[in-house]
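Going down the list, the protein sequences come from chains A and B.
Start counting the first sequence at 17; every next residue gets the next number (the numbering used here).
Start counting the second sequence at 12; every next residue gets the next number (the numbering used here).
Simulated from the structure, these hints should not be mistaken for lab results.
Keep in mind it's a predicted model, so treat the numbers as computed, not measured.
Among these hints, one or two may not hold up.
Calculated pairs, DSS-like style, for lysine-lysine (alpha carbon to alpha carbon, straight line, at most 25 angstroms) [said to hold, decoys possible]:
1) A:Lys39 with A:Lys92
2) A:Lys162 with A:Lys99
3) A:Lys188 with A:Lys162
4) A:Lys92 with A:Lys188
5) A:Lys39 with B:Lys88
6) B:Lys88 with A:Lys99
A short list of chain B residues far from chain A (calculated; beta carbon distances all over 10 angstroms) [as the list claims (entries may be wrong)]:
7) Ala82
8) Ala220
9) Ile224
Covered by chain A, per the in silico footprint, the following chain B stretches (three or more residues, Cβ under 8 angstroms) [unchecked claim]:
10) 134-141
11) 146-153
12) 160-171
Idealized CB from N, CA, C, for every residue including glycine.
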Amino acid sequence: MLQTNAPDRSTLVSLSAAGLYRKGRWLVRGVDFSISRGEIVTLIGPNGSGKSTTAKMAIGVTRPDEGEVRRVAGLKVGYVPQKLSIDWTMPLTVDRLMTLTAPLRGREIDAALEATGIRHLARAEVQHLSGGEFQRALLARAIARKPDLLVLDEPVQGVDFAGEIALYDLIKTIRNSTGCGILLISHDLHVVMAETDTVICLNGHVCCRGTPEAVSRSPEYLRLFGARAGQTLAIYSHHHDHTHLADGRVLHADGSVTDHCHPDDGHHHDDGLPVGRAGPMRIVHTHGPDCGCGSDHSNPAAAGGDNAAEKRDA
Amino acid sequence: MLDDFFIRALLAGIGLALTTGPLGCFVIWRRMAYFGDTMAHSALLGVALSLLLHMNLTLSVFAVAAVVSLALLLLQKRGTLSTDALLGILSHATLATGLVIVSFMTWVRIDLVGFLFGDILAVTEADVSLVWGGGILVLLAIVYLWRPLIASTVNPELAAAEGLEPERARLAFMLLMAVVIAIAMKIVGILLITSLLIIPAATARRFSASPEIMAVIASLLGAVAVAGGLFGSLRFDTPSGPSIVVAALAIFLASLLPFGRRDHGAIANAHSGGDSR
């Protein structure tokens with residue numbers, strides 16, 4: 017996977033120490049990452065961890081309150097927002113949706129609809145589409161304009177498992193054929209697209225980052241998802257050096273407790289073990305019991321004991 | 012039978028309806044009906060200020076409507092009260108303030124009913140040219156801003172991400188609303204302006220396959236309602252402004268009757284035409 021990373025790629029977007037402050041609190045803070053041409057970056061994290069906020073800062077929908085976001089001049093973005101509801105009062109067919117933000121040629125529209133498998137729905141009203149069909153229509157719209165950077169906020173929501181694999185394959189194909197950069201927000205904490213170059217786990221800040229390990233290496237997941245999924249999906253093992261406690265304080269790997277995360281917390285620059293590639297297949301996840309991330313946490317009493325040791329092993 | 016004043020009224024009304032069609036579609040799509048009402052009600056404050064300061068009436072109404080819409084934008088950003096509460100405050104506060112100011116000016120006699128319900132039969136040639144001149148400018152601006160307006164109506168963040176500046180479109184839309192309210196006041200009156208925006212657009216929805224078609228149909232239906240209302244008012248000796256609204260309502264009600272059902276036909280076609288996969 018990593019071998020496809022050509023070193024001379026141009027950076028499309030870079031965030032440095034970017035943060036957004038709203039209604040008395042920081043939604044995200046100290047976010048650092050960049051996306052280059054041909055690179056796939058996946059953002060994961062629990063609900064409310066600032067994934068969408070970070071993506072919006074990256075593409076300039078919101079301006080950061082601290083830090084900096086740089087985009088190359090004339091960057092063409094294709095965006096699939098997390099939530100988009102089209103009022104039934106607006107008559108809008110799939111065809112018309114394609115040219116929402118810019119004019120397109122008829123065959124560009126056809127090609128995008130063909131690629132997402134909804135060409136037969138070209139004349140249907142968007143309000144009549146199912147969740148999965150609408151998601152495909154939004155993806156078709158975003159790719160039809162041939163963007164430099166494709167930003168997909170939970171693009172596979174409402175799509176069944178086979179459809180999810182197909183859409184990830186499509187995203188891979190788009191990346192390979194157009195060389196665009198892709199910022200993907202995943203609704204799943206552990207399973208990401210195998211082609212992802214960098215996984216960034218957010219929880220108000222960058223909790224950890226690394227590369228995913230292929231599902232195919234894990235017999236358990238192979239059994240669960242099947243061999244075809246193994247080529248498309250990957251597991252991301254979390255390697256956090258701190259835990260968010262119930263009272264908002266932070267327990268660090270060395271046992272110390274502080275009131276806040278340090279800005280450089282969780283930034284593992286692959287020192288020691290190559291993160292997420294050589295480690296065991298089990299998912300190591302050390303958020304607090306109430307972090308709401310949906311991961312199965314071991315009971316709080318054991319959190320300081322076996323679990324911590326296990327984490328350090330990983 | 013058809014006197015000059017009637018021709019002028021017809022011309023002014025149809026010119027206005029052609030303008031309110033597309034604008035009314037945006038009012039519906041953006042769910043801003045109450046917002047339009049608020050801007051319209053503020054027109055009475057504009058009337059009062061124009062009398063007090065000896066300003067041009069149309070200009071003064073436009074200015075007050077624009078200021079009210081900008082004030083609403085600012086208040087919304089502070090986010091302390093819900094939008095409908097803010098609209099309620101602004102709507103009635105401006106209407107009431109206008110009435111109070113007018114009552115202080117004992118030296119002027121104004122035709123309050125004329126302002127509230129319009130006096131289309133009294134329009135002058137200057138009024139007709141104002142309606143058509145202003146209307147054409149508004150329509151040109153809508154055509155020019157069409158894509159950003161539609162995109163930011165569907166999703167402002169999507170429009171912003173893809174470089175269409177939704178804030179600019181929104182501001183332009185509010186100013187266009189202020190222009191239309193200023194030129195529509197004499198024709199249908201402050202209290203009935205929004206009906207000419209909303210009813211034809213709502214009627215057009217069922218017969219439209221795209222936003223563009225809906226805007227055109229809304230214009231045409233509005234023009235039909237104006238003509239029907241004016242002829243009706245002549246025939247039955249009813250007040251002209253309300254008659255136009257009643258005519259628009261009649262067309263709307265007729266459109267609810269189950270004939271054609273073209274929308275169902277379109278879906279059936281879409282599903283039967285499965286050529287790929």
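Pairwise hint evaluation, Lys188 of chain A against Lys92 of chain A, where the allowed Cα distance is 25 angstroms at most: Satisfied, since the Cα-Cα distance of roughly 19 angstroms is no more than 25 angstroms.
Status of Ala220 of chain B, Cβ more than 10 angstroms from any chain A Cβ: Given that some Cβ of chain A is not farther than 10 angstroms from that of Ala220 of chain B, nearest at about 6 angstroms, it is violated.
Agreement of Lys162 of chain A and Lys99 of chain A with the hint, judged by alpha carbon distance not exceeding 25 angstroms: holds, 22 angstroms
Ala82 of chain B non-interfacial with respect to chain A [C-beta, more than 10 angstroms]: holds, 22 angstroms
Coverage assertion for the region 146-153 of chain B with respect to chain A, Cβ distance below 8 angstroms, three residues required: It is violated, with 0 qualifying residues against the three required.
Proximity test - 8 angstroms, beta-carbon atoms, the region 134-141 of chain B to chain A, at least three hits: violated (count 0)
Hint consistency between Lys88 of chain B and Lys99 of chain A [alpha-carbon to alpha-carbon, up to 25 angstroms]: Holds: Lys88 of chain B and Lys99 of chain A sit about 21 angstroms apart, inside 25 angstroms.
25 angstroms Cα cutoff - pair Lys39 of chain A, Lys88 of chain B: Holds. Lys39 of chain A to Lys88 of chain B sits at ~12 angstroms (cutoff 25 angstroms).
Ile224 of chain B and chain A, when compared Cβ to Cβ, separated by more than 10 angstroms: The claim is violated: Ile224 of chain B sits with its nearest Cβ about 7 angstroms from chain A, within 10 angstroms.
Claimed coverage, the region 160-171 of chain B by chain A - three or more beta carbons nearer than 8 angstroms: Our answer is that it holds, as 9 residues pass the Cβ test (under 8 angstroms) against chain A, meeting three.
Pair hint Lys39 of chain A and Lys92 of chain A, alpha-carbon separation not exceeding 25 angstroms: Violated. Lys39 of chain A to Lys92 of chain A sits at ~31 angstroms, over the 25 angstroms cutoff.
Distance restraint between Lys188 of chain A and Lys162 of chain A, which requires alpha-carbon spacing of 25 angstroms or less: Roughly 14 angstroms between the alpha carbons, so the hint for Lys188 of chain A and Lys162 of chain A holds.
When held up to the earlier numbered hints, the structure conflicts with 1, 8, 9, 10 and 11 and fits the remainder.
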